[in-house]
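Taken in sequence, the protein lines are chains A and B. Position one of the first sequence corresponds to residue 1 (the numbering used here), numbered consecutively onward. Position one of the second sequence corresponds to residue 1 (the numbering used here), numbered consecutively onward.
Worth double-checking, as some hints may not be accurate.
Pulled a few chain A residues facing chain B out of the computed Cβ check, cut under 10 Å [to be verified]:
hint, residue
1, 14
2, 29
3, 32
4, 53
5, 58
6, 60
7, 94
8, 103
With a Cα cut of at most 27 Å, we get these calculated DSS-like pairs of lysine-lysine [unchecked claim]:
hint, chain 1, residue 1, chain 2, residue 2
9, A, 124, B, 91
10, A, 44, A, 121
11, A, 127, A, 75
12, B, 121, A, 127
13, A, 75, A, 124
14, A, 121, A, 75
By construction, these hints were calculated from the structure, which means they are not laboratory data. These numbers were taken from a predicted model, which means no experiment stands behind them. Ideal Cβ positions, reconstructed from N, Cα and C, are used throughout, including at glycine.
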Amino acid sequence: MDDLGDEDWVSQYGTIHAPIGGNSFKCRPFIHEDPQELSLLAGKLTPDEAAGTVNRRRTSGALPGDGVRHASVGKLRSAGFRVWRSPTKKIAGHVSVMPLDGNRPWTDDDSQRFDACFESKAWKEGKL
Amino acid sequence: MSDLIQLRIGERPWLPTPDTESIEIFDRYDMPTSGLARQDDDFFVFDCVEGHVMSVNLWVYAQVSEDEAQALRDAEGDEFAGLFEQAFVGKPVMAALAIDCRIRSGSQLDPDTIAREGLMKSILERLSQGVEAAEETAKVVKHLVAC
């Protein structure tokens, strides 16, 4: 599969409902996990598209309070991250991101630089 | 040979006991979300059915034969999706609730209930039973604490 260009967009799926780590969008992997990478989705997806992509049982899309945020691949790379396509059996557009200097625990600085790359957010409206 | 996967409280859902061997991760989103694992000579598929980006998530496990396991590993696209869904049909399924990627509880789902109500309704029914039981227990404990 072709690599991502700097002009390509990626999306991160998140939620306000008891999110992992307390943040609506995860900004670092669990410390004990290997590899130390986060998951993104290729393209500028809507909350419905992201929810259905990550969980195929979400046939009606996102729940109210689910959201996505978008970043350009070039901005992530400029901020010191490696970004590459890593398709899974069910998520053809799966993208991985980790610090350029390799598979190591993310620092607070890594998380802040990662968060700062995202330029827009979209939320699924409504009440759960 | 056991029909049901063994779970241990505190373990990661995709490696539910210290002796579980990960054979293949089929899918991931920040963590392995579906795949194939082995306990002794038995193969099991696992799947995160809800809560992929939440601190609480629900998982299901079902045993597959060695041939089924190989077919899943070889398949792609729609063929894989179909085989994966079938892996949870007509057999006992174990469900687990995990918090912060650690198993907190598990319960067997009845194949007849799954056939009649579907997998997600079966999980909801079992979850509701657990919530009701926990609420009753909390009332008793609250009473004890007040004494």
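Tested hints:
{"no.": "1", "hint": "14", "verdict": "6 Å, holds"}
{"no.": "2", "hint": "29", "verdict": "7 Å, holds"}
{"no.": "3", "hint": "32", "verdict": "9 Å, holds"}
{"no.": "4", "hint": "53", "verdict": "9 Å, holds"}
{"no.": "5", "hint": "58", "verdict": "8 Å, holds"}
{"no.": "6", "hint": "60", "verdict": "12 Å, violated"}
{"no.": "7", "hint": "94", "verdict": "7 Å, holds"}
{"no.": "8", "hint": "103", "verdict": "15 Å, violated"}
{"no.": "9", "hint": "124/A with 91/B", "verdict": "36 Å, violated"}
{"no.": "10", "hint": "44/A with 121/A", "verdict": "10 Å, holds"}
{"no.": "11", "hint": "127/A with 75/A", "verdict": "34 Å, violated"}
{"no.": "12", "hint": "121/B with 127/A", "verdict": "21 Å, holds"}
{"no.": "13", "hint": "75/A with 124/A", "verdict": "25 Å, holds"}
{"no.": "14", "hint": "121/A with 75/A", "verdict": "16 Å, holds"}
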